[in-house]
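Full structure from sequences and hints, please.
There are 2 protein chains.
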Amino acid sequence: MQTPLEFWFDFASPYSYVGALRVEAACGAAGLPFVWRPFLLGPIFQAQGFATSPFNTQPARKAYMWRDLERLCVKYGLPAFKAPAVFPQRSVLVGRLGCALLGHPRCGDFVRAAFTAEFSAGLDPNEAPVLAGVLGQLGLEAAPWLEKAESPEVKAQLRSFTDEAGKRGVFGAPNLFVGDELVFGQDRLEDAIAWARAQP
Amino acid sequence: MQTPLEFWFDFASPYSYVGALRVEAACGAAGLPFVWRPFLLGPIFQAQGFATSPFNTQPARKAYMWRDLERLCVKYGLPAFKAPAVFPQRSVLVGRLGCALLGHPRCGDFVRAAFTAEFSAGLDPNEAPVLAGVLGQLGLEAAPWLEKAESPEVKAQLRSFTDEAGKRGVFGAPNLFVGDELVFGQDRLEDAIAWARAQP
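Residue numbers (my numbering), protein chains in the order written: chain C, 3 to 202; chain F, 3 to 202.
Accuracy of the hints is not assured; some may be wrong.
[Claimed, not checked] Heads up, simulated DSS-like pairs for lysine-lysine below, C-alpha to C-alpha not over 30 Å straight-line:
1) Lys64(C) <-> Lys169(F)
2) Lys77(F) <-> Lys77(C)
3) Lys169(F) <-> Lys150(F)
4) Lys169(C) <-> Lys157(C)
5) Lys84(C) <-> Lys169(F)
6) Lys84(F) <-> Lys64(F)
7) Lys169(C) <-> Lys84(F)
8) Lys150(C) <-> Lys169(C)
9) Lys64(C) <-> Lys169(C)
10) Lys77(F) <-> Lys64(F)
11) Lys64(F) <-> Lys64(C)
12) Lys64(C) <-> Lys84(C)
13) Lys77(F) <-> Lys169(C)
14) Lys77(C) <-> Lys169(F)
15) Lys169(F) <-> Lys157(F)
16) Lys150(F) <-> Lys64(F)
17) Lys77(C) <-> Lys64(C)
18) Lys169(C) <-> Lys169(F)
These are computed hints drawn from the structure, not numbers from a lab.
Below is the structure:
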């Protein structure tokens with residue numbers, strides 16, 4: 003059985019937005035098995051000595067990022083990019099909800115809809131009413147999914163993915179893993195797919 | 003007349019190596035005017051509060067970079083990548099020599115040969131004997147070029163490019179400018195070319 007391509011992302015990460023909207027379809031077109039892996043960048047940044055996203059301490063890099071994301075959304079035909087009012091947004095609840103939905107047939111639709119609510123509609127993806135709206139839009143009942151997101155098992159799952167990311171060498175987001183091979187950045191999705199296809 | 007694509011790079015930057023070996027041929031194939039713009043990352047990093055390259059304070063990111071460069075050199079058919087013994091290498095003298103050669107028909111050959119000496123042969127690109135070897139290999143007389151590199155005009159040119167880079171929003175390397183539009187990273191060379199071709 004072929005090694006799956008794993009997409010490791012944080013819902014607060016703007017470049018993860020662009021990657022998340024592209025990755026599942028690209029893997030499908032390449033015939034590659036695929037899994038979502040939500041994690042939290044906060045502890046990953048803290049372990050590197052950062053109190054916040056490095057974009058917040060590098061104004062030129064942050065200004066570039068917003069402009070770059072506008073261009074990338076045009077390039078890939080995604081909804082128009084809108085920088086969030088607060089950056090980075092909190093993403094613990096939405097990350098847990100992503101974990102709760104893993105394996106569900108609408109998981110990918112949820113990931114894409116939550117990201118789009120955040121980075122195109124300008125909503126706070128960590129607010130329960132926003133998430134209830136996203137779930138409702140997908141025909142999923144909000145209350146039980148939000149309850150599951152706060153269960154000890156799901157909370158532990160998000161912590162466990164975050165720990166695993168750190169142990170596997172993650173320093174930012176998004177990341178593509180094919181076995182132990184890490185490919186960083188949504189720009190390199192095609193490289194990760196080529197790598198996966200070249201594996202025996 | 004079409005706006006040229008400007009390649010802004012530091013000879014100490016490993017991703018600039020990959021970009022430098024690709025960019026002139028890619029612009030040529032696209033029919034785009036092209037210019038080299040050597041600058042120094044040191045002052046750019048200092049202005050952002052970094053005492054050294056951010057790769058040196060993020061071990062996971064640095065480990066990833068070395069592996070990524072191995073893969074990129076394979077992908078683009080470049081000489082095998084070799085991480086330098088010291089990172090970042092000093093690059094003031096080689097940067098000045100790059101400035102001295104701007105407009106010379108062998109400028110591009112010099113840039114590529116100096117980068118290859120550094121990142122494939124493992125040489126220190128800031129040592130005058132190494133640079134003399136690179137110049138000799140291109141049929142250029144070493145002594146007068148090394149002398150020109152240390153002239154007040156050429157020193158001022160490198161400082162001026164570095165100042166200009168900071169003013170235009172540069173935060174790392176390599177960078178592609180098309181007019182005021184900045185495209186960061188060698189991975190995005192094709193995007194910069196597409197942008198340049200779409201300009202009136």
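Tell me, which hint numbers fail for this structure?
16 and 18
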